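Undergrad: Chains A and B, in that order, are what the protein sequence lines are.
Yeah, the first sequence ends on 143 if you go by our numbering, and it's all consecutive.
Yeah, the second sequence ends on 153 if you go by our numbering, and it's all consecutive.
Since the hints were made in silico from the structure, they are not lab data.
Any given hint could be a false lead.
[To be verified] Under the rule of at most 25 Å between Cα atoms (straight-line distance), these lysine to any residue pairs were calculated in the SDA-like manner: (1) 2/B <-> 54/B; (2) 2/B <-> 109/B; (3) 2/B <-> 45/A; (4) 2/B <-> 9/A; (5) 2/B <-> 61/A.
[Claimed, not checked] For each label pair, taking beta carbons as the anchor points, the in silico distance ranges come out as: (6) 4/A <-> 132/B: 40 to 48 Å; (7) 72/A <-> 117/B: 41 to 49 Å; (8) 5/A <-> 135/B: 40 to 48 Å; (9) 51/B <-> 69/A: 34 to 42 Å; (10) 69/A <-> 4/B: 32 to 40 Å; (11) 45/A <-> 40/B: 36 to 44 Å; (12) 71/A <-> 113/B: 13 to 21 Å; (13) 71/A <-> 55/B: 27 to 35 Å; (14) 127/A <-> 55/B: 26 to 34 Å; (15) 40/B <-> 69/A: 17 to 25 Å; (16) 47/B <-> 53/A: 27 to 35 Å; (17) 71/B <-> 135/A: 41 to 49 Å; (18) 131/A <-> 81/B: 20 to 28 Å.
[To be verified] Short, incomplete list of chain A residues facing chain B, as computed with Cβ under 7 Å: (19) 6; (20) 13; (21) 67; (22) 97; (23) 119; (24) 139.
All values reported here derive from a predicted model rather than from experimental measurement.
Note that the Cβ used here is the ideal one computed from N, Cα and C, for glycine as well.
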Amino acid sequence: METTFTPLLGLTGGALIGLAAGLFLLLNGRVAGISGVLGGSIFSARGDRAWRFTFIAGLPLGAALGTWLTGDALGFAIASNPALLIAGGLLVGVGTQLGSGCTSGHGVCGMARGSRRSIVATVTFMLVAGLTVYIARHLIGGL
Amino acid sequence: MKNIYALICGTTFGVGLAVSGMTNPAKVLGFLDVAGHWDATLALVMGSALLVSAVAARFARQRGSTLLGESFALPTRRDLDPQLITGASLFGIGWGLVGLCPGPALAGLVRGNVELLIFVGAMITGVIGYRLAMRILDQGPRDAGGVTGSMAS
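Next comes chain B alone, as it looks inside the complex (with noise of 0.2 Å):
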């Protein structure tokens, strides 16, 4: 039942990014060209997001539990260590010359653009590329590190 929910989710997921027009990286770039002729579509995007997740947020830190009873899986660390800048620095360049971030690339599949599948083929590289080297340098995978059922974040 959990991967019919987790289909669900994921479609709503795509059918959003796809009615923000999310999916073309020419929007999100006009976004990030703040200096340029500036589209502030994903401001609004990413506040209404917030919005509304922030709510389900709310609600499942007051229940202490999933709807179906179980416990949550989620991120507890809270310490800033470099690798997070340094992360989210790479992708910010990334993610600023192309004009598309993990989400957008996959669901833009759809269309079977040439171009799009080249970055989501690099962009998986990168992933693999990333996590054997950390299992080989006997690390692990970051984001699997400190998942317990605790909301608290």
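Chain A extracted, bound-state conformation (with noise of 0.2 Å):
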């Protein structure tokens, strides 16, 4: 699926993004890294659970609300092969927990603060990930 360069939507969304990442900085005094609450959320005590399930929680109501608001005029388009999809998971899962955050945690938080280690992963996993995408798509192909 081909999608075409939609500024406006993505700078609005972007800008929301980064309000809560910087809302959740101020309240909680916490990085908004979803691999990082994710991985807490099974991991971590007791009583620094449950604010790593609502966060959690709202993102497919976010998700629900934010499709509404645009129509859906994005789209949804997903690979449809269940190995590749396991790989891709597993990697996104274990590298994530490895490297101490995502796109989030890493790229807007991280990045945010000026932190040297959240600039070398984001830049890391950037080049990684388009080079995977060349590899899959114009050299293997049909992915």
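Fit chain to chain and form the complex, with the hints in mind.
TA: Here it is, written out as structure tokens:
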């Protein structure tokens, strides 16, 4: 599925993501990194779990609202190969825990704080993801 | 109250992901595919998110405490260890294969899409598997270490 450049929605949605991360820092004093929140929701001490569950529950709630607001103009298309989905999911799960963050934790929150680790991590996963897509689509083809 | 704040922030985050189109894996892959029909949207999403959260981070640093007067619980590590690079690389491969990172994957659950459910199931398995392995190796989860009340980074 080819998608089109949607600058206004992109800037608006991005500002909302930044607002959410900024508010979370100012109110709860924490990084709004989804992989970290998710990992901790399973493994943190009992008293440190409730806010993680409510944060995660908010994501699909907000997505439903955002999809409704935009009339689902941006669409949805995902790979159908189960092996690819499982491999991708496992790599994202393990990689974000080993690398201490994902697009939100490193890419938005960490870089906003000027963290050197986050800048290096973001540049790394961006380049590797781009290279992966290049190999999958243009060298192997079909993905 | 903090659980309510987390719900509000998570919901706002989810609205932002959907409005920006980042909940559509095809759109993310369209950005990562610079040699194909390039969709630059993700760069603007990340840029504006970064700008807004950087203003908040600057304000937070100047204040020295949260709006509730509490100390921050932020990562303080500065070292670039092999785990950071390896982890980011593994994540990059997974992200490039499907076009989903953790936020959009969890936010997209609202669609009830089977393929997305398979991805999220595998992702959570990866998270649990890694953390259990680290617990057995007695190293502890990496992002839980080095957290103090300082804004220094």
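Undergrad: Falls inside 41 to 49 Å, the C-beta gap from residue 72/A to residue 117/B?
TA: violated, 19 Å
Undergrad: Between residue 2/B and residue 45/A, is the straight-line Cα distance small enough, at 25 Å or below?
TA: At roughly 16 Å apart (the allowed maximum being 25 Å), residue 45/A and residue 2/B satisfy the hint.
Undergrad: Straight-line Cα separation of residue 2/B and residue 54/B no greater than 25 Å?
TA: holds, 22 Å
Undergrad: Does the hinted range 27 to 35 Å hold for residue 71/A and residue 55/B at CB?
TA: holds, 30 Å
Undergrad: Is the interface hint for residue 67/A satisfied, with its Cβ closer than 7 Å to some Cβ of chain B?
TA: holds, 5 Å
Undergrad: Measuring from the C-beta of residue 139/A to each C-beta in chain B, is the shortest one below 7 Å?
TA: Hint violated; residue 139/A Cβ to chain B Cβ min 10 Å, cut 7 Å.
Undergrad: Does the beta carbon distance between residue 71/A and residue 113/B stay inside 13 to 21 Å, or does it fall outside?
TA: holds, 18 Å
Undergrad: Could you tell me whether the CB distance from residue 45/A to residue 40/B stays inside 36 to 44 Å?
TA: holds, 42 Å
Undergrad: Can you verify the interface hint for residue 119/A: is its Cβ closer than 7 Å to any Cβ in chain B?
TA: Interface hint status for residue 119/A: violated (10 Å vs cutoff 7 Å).
Undergrad: Residue 2/B and residue 109/B were given as a pair; does the straight-line alpha-carbon distance stay at or below 25 Å?
TA: Judged against 25 Å, a Cα distance of about 24 Å means the pair holds.
Undergrad: Hinted pair, alpha-carbon criterion (25 Å max): residue 2/B, residue 9/A. Please report holds or violated.
TA: violated, 30 Å
Undergrad: Measuring from beta carbon to beta carbon, are residue 69/A and residue 4/B in 32 to 40 Å?
TA: violated, 22 Å
Taken one by one, the earlier hints fail for this structure at numbers 4, 7, 9, 10, 23 and 24, listed in ascending order.
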